[in-house]
Structure formats: structure tokens, C-alpha cells
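**Student:** Sequence:
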Amino acid sequence: MSDSSRAASSGYPEVMTAAERYDDADDESFPTRQVRLPVVPPGGFTVADLPKLAGVIDGRFELLDGDIVMMAPATHWHNQAINLLWFALRSVAPEGTIIAREAGVDLGSSVPIPDLVAVSVGEVVASDIAFSPTDVCLAVEVVSPSTKTKDRRFRPAQYADAGIECYWRVENEEDAMVVYSFELLPEGGVYAPTGVHRGRLIVDKPFPVDMQLPAVTWS
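Take any residue in the sequence shown, count from 1 to its spot, add 9: that is its number in my numbering.
There could be a bad hint or two in this list.
As a list, the in silico SDA-like pairs of lysine to any residue whose alpha-carbon atoms are at most 20 Å apart [to be verified]:
1) K157 to A185
2) K157 to E71
3) K214 to C146
4) K214 to E192
5) K159 to G75
6) K157 to L194
7) K61 to K159
8) K157 to H85
9) K61 to V78
10) K214 to L194
11) K61 to C146
12) K159 to P82
13) K159 to D76
14) K159 to E180
15) K159 to M79
16) K61 to P51
17) K157 to K61
18) K157 to K214
19) K157 to G204
20) K157 to M80
21) K159 to E192
22) K159 to E174
23) K157 to I107
24) K214 to I107
25) K61 to I107
26) K159 to K214
27) K61 to P50
Hint data in this document are derived by calculation from the structure and do not stem from the laboratory.
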């Protein structure tokens, strides 16, 4: 099936093909590949488009103001940290709260995908791919070298503006997890820092947590 046939069957306009070439200081080109992206419709994409988009985009992506933003590959440390935190938080989350991995937050024309979220179980169904921010009480981002600016500056502003009660940023400090915790101010729209946690994570919100931060190892 041709690219145009695939695009037509997906319900989206014909895709655009793009290939970029980058040269380093020694004038040696990096390998390149073609990336197929649907043409952005008037008004942009929304969360309702995610199932179809997932079928035609080869790679992980988010929506930002109706446009597609490709996500960089994660490091091994990043993936290990997410796995360990997911298991650890599941063991301490109160009844009625689930810990979900890489689920979107529905902001309409923007759909960020935190590494972990804590969500009210009553609002979860098997087919969910994104949750309303009113159902999310915690968003967690594990910082990678390619996401430092996004996770330290842009994500907190985005999640606070959406009204998510708590935000945790997880940093790599000599291969150990360090958790920076934040809580939404009463007036909303802005987070206040509540702690820097090394070795042990103790917080009261969004639910009481007192646990050892698991070591990130390769075994």
C-alpha cells in the first residue's frame, strides 16, 4: 500500500515526507530517515485524534497546541527509574488510586504524557489513553538529558495551569534517584517546592508516602 493510500485509509490528509541531514564539525553526515507525519488540520489535533494518530506515526509523540511533537528516545536509566517508581508507588498508593505509566493528560489541544500519574480509580476504564487533569492528583517526570528544560520549566507550568495537585521531578544524581516535590498553591496556577528527597521520600500530598527510594541498578 502506498503512503497516500495509507493516509487515505486512516482518515487523515496525505502525509508529508521529510528527511533532514545534519553535518558535524568534520563534515560527516549523521544517518537520516524519513518520518511520516499527518498534515495538521485546521484548528489542530485533539485528544480524540490520538487513536488514529498512533496508527500512522512511527514513534512516541505528544500533542502541543494541536501539533505533533515527537518524543526523544529515553535512556536506560530513565526507563529503569520509571519501572522502580511505578512498583514502589503502587505499594503505597491508597485504595481508590492507581499509578499509571505514560498515560496522557487531556488538555484539549495539548496532550502531555507524564512518565507516571496517580489517578482516581473510579475514572479509569480499560480503553483510556488520556485522563482529565481533574482526575490526576500527581504527575511525575523522570528527567533525561534531552528533557531537562521541558521537565524543569515547561512541565511544571503546564501541569500547574491544569490544576494537577502535585508534581514530582526525578533527577539522576550519580545514578541515584533524587525527587524534587512540588505542591499547587491555594490560588492555583503555580507550584511551590516542598522538598528535595535523597534516599527516602516523605510527603503528605497527594497522599502520605514514606518509602526508601529504590536503587537504580542494571540487574
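**Student:** Each hint should be assessed against the structure and marked as holding or not.
**Tutor:** Evaluation of the provided hints:
1. Restraint check for K157 and A185: satisfied, since their Cα atoms lie roughly 17 Å apart, inside the 20 Å limit.
2. Distance check on the hinted pair: K157 and E71 sit about 17 Å apart at the alpha-carbon level, within 20 Å; holds.
3. Distance restraint check for K214 and C146: the Cα-Cα separation of roughly 9 Å lies within the 20 Å cut-off, and the hinted pair is therefore satisfied.
4. About 8 Å separates the Cα atoms of K214 and E192, which keeps this hinted pair within 20 Å; it holds.
5. For the hint linking K159 to G75, the alpha-carbon distance of about 18 Å falls within 20 Å, and the restraint holds.
6. With a C-alpha separation of about 23 Å, the suggested pairing of K157 with L194 is violated against the 20 Å cut-off.
7. For the suggested pair K61 and K159, the alpha carbons sit about 26 Å apart, so the restraint of at most 20 Å is broken.
8. Restraint check: the Cα-Cα separation between K157 and H85 comes to about 16 Å, which is no more than 20 Å; the hinted pair holds.
9. Only pairs whose Cα atoms come within 20 Å are accepted, and K61 paired with V78 is accepted, the gap being roughly 15 Å.
10. For the proposed pair K214 and L194, the alpha carbon gap of about 12 Å is at most 20 Å, so the pair holds.
11. Of the pairs offered as hints, the one joining K61 and C146 is violated, with about 28 Å between alpha carbons and a cut-off of 20 Å exceeded.
12. Restraint check for K159 and P82: satisfied, since their Cα atoms lie roughly 15 Å apart, inside the 20 Å limit.
13. A hinted pair counts as satisfied when its Cα atoms are at most 20 Å apart, and K159 with D76 qualifies at roughly 16 Å.
14. Using a Cα cut-off of 20 Å, the hinted pair K159 and E180 holds, with the two alpha carbons roughly 13 Å apart.
15. With a C-alpha separation of about 13 Å, the suggested pairing of K159 with M79 holds against the 20 Å cut-off.
16. Restraint check for K61 and P51: satisfied, since their Cα atoms lie roughly 17 Å apart, inside the 20 Å limit.
17. A threshold of 20 Å between alpha carbons decides the hint, and for K157 with K61 the separation of about 30 Å lies outside it, so the pair is violated.
18. Distance check on the hinted pair: K157 and K214 sit about 24 Å apart at the alpha-carbon level, beyond 20 Å; violated.
19. With a C-alpha separation of about 19 Å, the suggested pair K157 and G204 falls inside the 20 Å cut-off, and the hint holds.
20. Proposed proximity of K157 and M80 is supported: the alpha carbons are some 13 Å apart, at most 20 Å.
21. A threshold of 20 Å between alpha carbons decides the hint, and for K159 with E192 the separation of about 18 Å falls inside it, so the pair holds.
22. At roughly 19 Å between alpha-carbon atoms, K159 and E174 fall within 20 Å of each other, so this suggested pair holds.
23. At most 20 Å may separate the alpha-carbon atoms for a hinted pair to count; K157 and I107 exceed this at roughly 27 Å.
24. Proposed proximity of K214 and I107 is supported: the alpha carbons are some 15 Å apart, at most 20 Å.
25. For the suggested pair K61 and I107, the alpha carbons sit about 26 Å apart, so the restraint of at most 20 Å is broken.
26. Taking the CA atoms of K159 and K214, the gap is about 23 Å. The hint is violated against a cut of 20 Å.
27. Note on K61 and P50: the hinted pairing holds, with a Cα-Cα distance of about 14 Å set against a maximum of 20 Å.
Hints 6, 7, 11, 17, 18, 23, 25, 26 from the list above are not met by this structure, while the remaining hints are.
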